[in-house]
Amino acid sequence: MPKRTDIEKVLIIGAGPIIIGQACEFDYSGTQACKALKEEGYQVILVNSNPATIMTDVDFADKTYIEPVTPEVVAKIIEKEKPDALLPTMGGQTGLNTALAVAEMGVLAKHNVEMIGADVDTIHKAEDRQQFNEAMARIGLQVAPSGYADSVEQAWQIVKTTEFPAIIRPSFTLGGTGGGIAYSEADFERMVEWALSASPTRRILIEKSLLGWKEYELEVMRDIKDNVVIVCSIENFDPMGIHTGDSITIAPAQTLTDKEYQIMRNAAIDIIREIGVETGGSNIQFAINPENGEMMVIEMNPRVSRSSALASKATGFPIAKIAAKLAIGYTLDEIRNDITQVTPVSFEPTLDYCVVKIPRFTFEKFFKTPPLLTTQMKSVGEVMSIGRTFKEALQKSLRSLEIGISGLEENFESGGELLHENESDLNKLREMLALPHWDRLWHIAAGLRRGLSVDEVYKITAVDPWFLFNIKEIVDFEREIIQTGFLDKLSDGDLRKAKQMGYSDLFLAKLLNCKETEVNARRQSANIVPVFKRVDTCGAEFEAHTPYLYSTYEEECEANPSDKKKIMILGGGPNRIGQGIEFDYCCVHASFALREENFETIMVNCNPETVSTDYDTSDRLYFEPLTYEDVLHIVQKEKPDGVIVQFGGQTPLRLAIALEQAGVPIIGTSPDNIDRAEDRKRFKEVLEKLGIRQPKNGTATSLEEARTIAEEIGYPVMVRPSYVLGGRAMEIVYNQDSLDRYMRFAVKASPEHPVLIDDFLDNATELDVDAISDGQQVVIGGVMEHIEEAGVHSGDSACSLPPFTIPLAIVDDIKQQTRELARELNVIGLLNIQFAVRDGEIFVLEVNPRASRTIPFVSKAIGVPLAKLAAKVMAGKTLSELGFTEEREISHIAVKESVFPFIKFSDVDILLGPEMKSTGEVMGLDTSFGRAFAKSQIATGIKLPPQGMVFISVKEGDKSAVGKIGKSLVELGYQLMATRGTGDYLRNLGLEVAHINKVKEGSPHIVETLEAGKVDFMINTTFGEQAVKDSFSMRRASLTQNLPYCTTIPGAFALVDALQSLKTSSLSLSPLQDYWKNEIQTT
Amino acid sequence: MEGILALADGRTFKGTLFGAIGEAEGEVVFNTSMYGYQEVLTDPSYCGQMVLMTYPLIGNCGINPEDFESNHPYLSAFIIKELSGIPSNWRSRETLDEFLKEHGVVGLQGIDTRALTRHIRDKGAQQAVISHDLSNPDVLIQKAKKSPSMVGQDLVQQVTCKEPYEWNEGDWNLHTGYSQLSHNGLKESFFVVAYDFGIKRNILRRLTQVGCKVKVVPATTPAETVLKMKPDGVFLSNGPGDPAAVSYAIQNVRDLIGKVPIFGICLGHQILNLALGGTTYKLRFGHHGSNQPVMDLDRRKVEITSQNHGFAVDNKTGNDDVEVTCINLNDQTVEGIRHKKYPVSSVQYHPEASPGPQDSSYLFQNFITLMKENR
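Residue numbers (our numbering), protein chains in the order written: chain A, 1 to 1083; chain B, 1 to 375.
With the rest of the complex left out, here is chain B (with noise of 0.2 Å):
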């Protein structure tokens, strides 16, 4: 069946559509990773977005059981080139139409995606819809005009946890899957509280793989009940939409500072810097992808990272005791900060990878020896 994404700055692309079908609403983002986009499709920090993929051949693996990042798909839409017609490998269950058919998300195939994706660059990341209707673009486009924009949506509320719970699930391996680990009556483990703002289950696998008995609570879950569980640190999560506007998650991490070792990621890392009395922007159009370089300032090193991010904290952190710890090389960009201070950091990219390369993991071990140093 022939689909169409209408782009609100009036630009319209004809394609086939597959997964589910109907409309669809949402800013459209561009992911350049070649790989992992059953990772990608069950992230929830794409909560309100079409995920556009730059790689044309998507589906080729199919779907598996193990590789989701979440319950179920958050995107609004999935935007690619060519639809794989056979799964091929041998941990794939069913295929990627169907996934996203069961899920009720619009997929849209045969359009030029490299079009598409210059002119995201070009023009910057925009409300787009997808419909089955192509009889009258204008009403489409017009619908994307009125679709509001990532800028002050507080889009957490609708992928965070409505009860704490707690995490057992380590990392995985190819031979016998995910690990199952309890870290019960264990010394050297680690009482961690991560606050879900979205939180990918990759980063629930590498805490609890490291030494973490993690718990995970709902985010608005205020500081003193945090405070009050005795945590030996605050894990600070991942997720969608303007950290600005998720200002109860800042308020109480403002009330964590200082008292418990705090380490963020993604959108954490956006909501503790304005806790710090940072700011945050939205970037063009954003960093997603599995390829891009940080330099670590300390070690001068680089690093190879996973990135999934549509707003950015400014350089200018407004706290004379934060300093910027590494940068993205491709735009100089802020990419982690540090507390002078207090046990407290973060970085923009993805330690957990999944999808992507896995360089910063060990950022997990050194949340694990602050979190000792600290207790």
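Pulled out of the complex, with its shape left as it was, chain A reads as follows (with noise of 0.2 Å):
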């Protein structure tokens, strides 16, 4: 059928903020989708907060509206643009739900908005409990029993059908909070009491575990003529009882015959068309009784999500923008598949080689949750692998994840958990074995190192002993490796088999105690080199024509390399605290840049859900392991005329100086340059240099030195580990005890560079500036006022650019210093410095010349493509020549504030510190300070109350500011609510405060009335160890009854004057194109 003319102009929803269970693979889908439809010559409408995305791009849709994914602004934005149709299915669950909300709110109906994709009653057939449940009895397929009750008598009927292990939801809850899994009846009550009082309707849902049943998934499309087909099938390595989101997953399926996957084939079809899902993608999940093969639907997803970007991956079959193709009326037959040019997309994926995904985990950074997997999310991001073995594809994965190891090594230090010194504690080992840590991976492999069975291993874990004999088949051949002792004795044979295993030259050097380079060496002279091989979704039956590729110990070669001019980029890696979708927005924008200027462009990226290892965006695309040995591979092979590695974060950043010793090519800023203001000691002489102050510092490699020198700076100190990104494991340190402390702690956590101490500037302000330089002329991007104070990480901090509380002639020195230094580091690209103001005096508090987190945002708040302009630069270009010359003065203001997953983490602390904790961010966009932050603040999913209940309890040094504060919100008609201290102070300016108790002082305190819903927003600042403790529990129920909370008094102040600006008047939307009509377009 050919597409739609009926329809002209169609609204696309964005997912929101990265936050963990939803990251960039919907920038991913939604970037493919708004490209699909633009093509079509569509009008595309966009909604999403996110500025780090490559979709809120003006070149991706006619209307970016980049303002908060709630129904609310939705319905605005459809009155306002009118749109014909609205494509739901892009922006993950938060794009489902608002979509769903405003066609709830009469929204569609009244302006005659279509649903396409998925409509209204599919969305909820598909994710109400009970209407799936019925939905799959309709045909013939089994669910897990399970029941909804209001009472523990219900419960207890339900349980019987059920049986034991029975998992908790109460309904309602943000995180799952409440929920849980009951073994036994002794359990029972009690967690079903807690889940009932949890729960807001006090409801909950009780359902059979189907714990240690296998778990699958298949990827379904369907097309508006009824065809259907399978995309891709997935196995989870992890057995049921751990989300998918944090399983180590397998594609395609490997321990399926013909017949259960047929099985499981046709049940996914029927249940598509059962939902009723017209077009588009869907994800299905199923569990599978190992014992006899016994299936059941676990859920179904109308939608493109993590794993359909996952399967678009590892198959070559891009899901999202197929599924917007169906949703404007063609048909699979009629779609063309781009790798092979000459067949339909109507097929089903065939794979010759495996895929492996495995998450990655920051429970370092909330170590008073304990590291164990259950049926909540909680990695932050993922990395996938293609090898043509199950053994290479997961020991490249390993080596992808940048935790510090090189493959299935015995000494991976886990989070603290776990050393296997001991090497006949067995039992310890099996105990280990029984809870799904994170890193269950790693003792596996430790237990079969140690002579457990595949079979006993099996029965502990319930992973599949596919996987185990695998693992065992790695392990195995380790042992014969570390017998033949040094490397010469190895045989070329030998040698061969173990990179034909996944084993990385690293993990070999260290088996065989001799250096990296050795293995190379050696492998070099005995041609023992890795081939690349094509992505193609047809098994070779048809020519690929995308050089989509991966690298593999085989005999032919498919590279192809081409002999034009070519650039080739590093990507980010896996997403992580501190090194997110920014990175790849920057790496995405370097690859559009340099195409422009007619380059071949190659992506190098391990990354699954990005943008950047889309086969579309780049000419190449290496889906590879970002480590020294695996990009040289690459280089070796491609010889490009230049390498960027300043894109993409630490991970490239981290290779550059060995890169370029091996004679890789790497354009912009030298590695010398950046190890300049990377190197503590040589950073000091650059800044003596040109006169510019910095916090008094030192470098210590032991306690003592490190004593001495907080000695001499005087505390407070602030300390951290050198070369990391998101401040991990940065502290403020308040005396000699703490540094103590710190110091065998961070030691630890970074042992092979020293720890940096700093004067902690308290009370002073922060700000980030963007520059950019091509070793001439340097031009400031945009200078960002920090809204809370230093000593909050720069990556969790809100900011405004401009500046709006420092002087103008500050800031302009601020500029000026950017200027020198970028001059003296000869930064070519871009450039990041973070300032510090305190009492009018500035300091440098780090120069990082590469791109830095807030590039997508400052590039959308002045409208100049900043990492374009940089990849231009450093493949040659002046700035002149782009004409980007003079700063861009905007008249609007843009706040960014960001989205954290406290959440998620059960006894984790909400305030903000120096180690970054936050996720995601959004973006606010207005004519005024407040209006801006009040968007920013609705936009990370925040209620601002528009009257009601504030409660304030605030440290001794806050008070006289938080005096403004309560005067304020009482003229704009809110009420007060404080502790005794706190609340003295109030009266005594003679305001009417209302008095609660701490908890300490006893029954109504103010964990009680926060969790009574009696208050409707907190300011909580604390000091000090024994007051941040005694306050803990306020700031968490704060956070599980989801209200705003200000940590910071700079906060509030930015919170109170988002209240008044909500109270002039309402919020006023405006596209992205709309606030750079008026301004000269560069390029």
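Keep in mind the hints are simulated off the structure, nothing from the lab.
Even glycine gets a Cβ: it sits at the ideal position worked out from N, Cα and C.
There could be a bad hint or two in this list.
What the hints assert, rightly or not - So, partial list: chain A residues that the calculated Cβ filter (under 8 Å) puts toward chain B:
#1 Phe-188
#2 Ile-224
#3 Lys-225
#4 Leu-256
#5 Lys-259
#6 Asp-352
#7 Glu-555
Said to hold, decoys possible - Taking lysine to aspartate or glutamate and the EDC-like style, the derived pairs with C-alpha atoms no more than 20 Å apart in a straight line are:
#8 B:Lys-14 x A:Asp-492
#9 B:Lys-14 x A:Glu-556
#10 B:Lys-301 x A:Glu-8
#11 A:Lys-208 x A:Glu-193
#12 B:Lys-301 x A:Glu-274
Please dock the two separately framed chains into a single complex, following the hints provided.
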């Protein structure tokens, strides 16, 4: 069927900020959808609050609303834009929920907007457990027995049919709070009571636990003519009971016979038809009983998902792009397969390789939470690897993770959890294996190394024996390697075999006590080098025209490099806190920009969620780990004219010097100059030379040294290991005791690098500057003032562009210092500097001669694609040639706010500090600070109460400030509530304040009041270990109640500003394109 | 033990032998199915061929007593990237290695199967020799060159049954395995005579399941013998080799057309077309896999089909009464035909699946309808 001509304008809802469970895979999907619809000539209206996305680049939609993704905002956009259709399936759960809410508000009907892809009934049928179960019963499929209970008695009734262990899920709680698994009657009643009390509707779902069953997923697509194809099958390494986002997964499914696979395939087709997804993709999850093949349907997502992004990368079949085309009326047979160019997409991809995905966790940042995996997702990113065997793909994935390992290593220290020092202590290991620790893979390997049988490990873990046996083959071969003792005793045959099993040079070097470069040299001389194979959707049945490549150790290489001028871009690897989508955004921009300059672009990355790993983004894509060894192989094959390391965050930067020494042509700021900025001692020399001030500091390699330096500087001091991103292990210490404790922790956290000690600038204001330099000219991109004070990690702090309290003269000074530093470091490309201002004095905190986290935000705020310009500069253009010679003055305000994953991690405090904790960000754009800040708050998912009770409790030093805040709030019509100290202070100012007890003062106390829903937002600052401990439960309660909270005074001031602006007028919405209507566009 | 594959065009691949150790000869074809190697191994259509699996990890589910398509493997060798060291599936009873040893089938693993696939794709399916003797590859290449090609070969004789037999097994079910169905005395059952050119068991199971009382007869059974049995319909099965070489079958089918409803699959489809005056030709490397898109031209709907054929029917059918009912969307080749006047139709693909998708399973029901209308 041809595309529909009765619709012209399509609204796409994006997923908003990056949160756990909803990451940049929705930028990948959304970008594909926008591109596909624009290609077909439709007008695209987009709403997404996340500025770090490619989809919110002005080229990808006709109208780009960087506005909060809430039903109210989307309703207003619909009123304004009057689209013909709404595509709700591209923005994750957020997109789906928002679309549903808008439909239920009657807005779609009123404006005659058609929901395409999936309609309201379909979404309800898939999402509502009861409706879904009924639908499955109609088509004769089994689901885990379950039932809703409103009371303990009912719960007992239900559990009689579901049996133990039983999964308990309270309805309508955020992040699965109050849920769990009851293993016996003994736990059951207590857990039910807890869950009932956690649920605002006092309703819980009790479900039969399928613990130990095998878990599978199918990606299904359907078109308007009811043609259905299965794009990919995925098998989870981890059995049921672990969220699929936290599981190691493998494509295709490995342990199904055709008979069993076809049962699943038929079920998937029946499900997509019964649920009624008319066009597009769905993800369907199944559980299989390993004892008898019995199958249950777990759930279905009637939209693109994290798994569909993975499946797209794993197969070369771009699900989101095709889903968008199906939504506007095409059928599968009418869409051409990009890779083969001769066959249609109405087929089922077949793989001739094995794909392994491994999630990346950050339990070390939330170390109070037990590092155990459950039905609630906790990972923040993932890597994917492609190999010709599972063993090869597994080990490639492991070294892609960037957690300090080079493969399935024995001596991997797992978040301080378990060291296998005691070889005989197998029981301890058995106990560890029984629980799903995030690093269970290593425990399995440890067990197999120590002689546990595959069968025993299977009995303990329920991980399929096929996977276990493959791991055993890896560790068995490891023993053989160790037994040879020396590199030169290892035969060529065994060396090749090791490489085929995915052993990296570094891993082999560790096993053979030699250097990585020695292994490399030995391989090169024996001609044991990888070849590159293509991902082609068809198992080589047709020729692949798309160079989407992976390495393996076999005979035939299909890389077939061209002799064009080419530049290679090294990506950012897995998302993690501190290094996320922003860097992928920059890499993608580099690729687009260099293509415009007629270079062939080559992308290297291993993150399946990203736009950079879309085979459509660059001319050539290498889906490979970002290690020295793997990157060098690609360089040797491709011989690029330049390699860009400054866009992918620390990942490629860490490789810069070694790559340069190996003769790799790194373009842009030289690795030596990067090192001058990163290395504290060399950096000090730079600053002294320029006469620029920095906080007093020193570098310590031992505890004694640290004590001396801290003494000299004077407490409080900021301590951190060198060469880290995201403030990993960064802390403010107030005395020697804390310093001593920190030094033990920090040295452990980063053994190869010394500890940096800086004067901590109390109550200073931080600023971030992004600038671009071509070696001659330096142009400021933007200066951002942080809203939270110095000491809060810049990635966690909200910020405003332009600055809103710092005097112009100081801002000018800051710009001048930026220019001087850029020149001194001979920056070619991007530069980010963090400054602190205290009492009119400027201090440089750090200089990053690379793309920063704020580049996409600044680019969107000023309407200049900085990363693109920087890539062109690095390829030899001057800023004059590019027409960007002056800082862009803007007449509006852009606010960036961070989004935190605290709700997913039990027992974790929400206080902000020097270690970054946020997973994502949103942007608020408007004409005043208050309105822009208000938008940013709403975009993070907070409901700003127009009236109600504000609870205030602040530390001594903040009292005078909070007086002003209290007065403003009362003037705005809010009531105040406070504990004794703060309350007395406010009452003295003549304010009316209700009294509430601190928790330790007894009932009725603040936590009870919060949990009873009697508070509408909270301002709480605190200082000192004891005070922090005492007030912890209060902050946690505000979190679980989803209340707006401020844990800093500047944050509270900004919030008051926002509330004020909301009182005076309702929010107005403008597309990004309108902000730049009158500006001259630069390319 | 090391092994070598030598292709007739001179290219060689070194790997490791598994299964039976020895020498094997045949035409190398690649199969792109990711699942169902057990069904592939026991599909008689692979007689005279070495099957190369493009999916690299094979043997993961072992071999179970149920998923057989015939009583033993007919292929001459099995070529894979990596043999699983362990079978992991609740139904598995032995390993792939054990199974191949038992049946004397040579296996070769550890070669660059993708390179071999690409070679076959670009140069065409060709004769090859696998050997444990690596000393003189040239001798093996010469042997491969001398090995007779598929064109002109009647391999049906090697795989067809010697005596007629009845079939009572129906579809497979996860909980109860295969059902045993007897249609004796049932009013609504249809008596079908199935020509065995190398028939896959799942065809018989599907026919039985939808209500056919099936009698399987040898490929050489004369048409008049079949007609004497007074069947409601005649089924022409899949099978190996060149359809044009099976002249006796073509003649028999010619004698049946117009006298009884006929349904053919794969080789049966090719034989039917030859009987109707069409021609067949050898494809460069054929269609062997579970992901082939077929467009039903009546309903304009796409089915994902299981396919296994090296020859195809020319789209100039040579008979105005024959119309093409479906085509392959990858290369536009003929996938099905029907006679405008007689209740005669056939498909090139495998609606019985096994392995592969069951999208076109309804064709067996259509055959029932056809027989009902022409009773």
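Hints and how they fare:
Because the closest C-beta pair between Phe-188 of chain A and chain B is about 31 Å apart, greater than 8 Å, the hint is violated. A cut of 8 Å between beta carbons decides the hint on Ile-224 of chain A: the least distance to chain B is about 11 Å, and the hint is violated. Because the beta carbon of Lys-225 of chain A sits about 6 Å from the nearest beta carbon in chain B, less than 8 Å, this interface hint is met. A least Cβ separation of about 6 Å between Leu-256 of chain A and chain B falls short of the 8 Å threshold, and the interface hint therefore holds.
Using the Cβ-Cβ criterion of 8 Å, the hint placing Lys-259 of chain A at the interface with chain B is satisfied: the shortest such distance is roughly 6 Å. Because the closest C-beta pair between Asp-352 of chain A and chain B is about 4 Å apart, less than 8 Å, the hint holds. The beta carbon of Glu-555 of chain A comes within 4 Å of a beta carbon in chain B, closer than 8 Å, and the hint placing it at the interface holds. The straight-line distance between the Cα atoms of Lys-14 of chain B and Asp-492 of chain A is roughly 16 Å, inside the 20 Å bound, and the hint therefore holds.
For the proposed pair Lys-14 of chain B and Glu-556 of chain A, the alpha carbon gap of about 13 Å is at most 20 Å, so the pair holds. Our distance criterion of 20 Å between C-alpha atoms is broken by Lys-301 of chain B and Glu-8 of chain A, whose separation comes to about 27 Å. With a C-alpha separation of about 18 Å, the suggested pair Lys-208 of chain A and Glu-193 of chain A falls inside the 20 Å cut-off, and the hint holds. Restraint check: the Cα-Cα separation between Lys-301 of chain B and Glu-274 of chain A comes to about 19 Å, which is no more than 20 Å; the hinted pair holds.
Hints 1, 2, 10, counting from the list given before, are not met by this structure.
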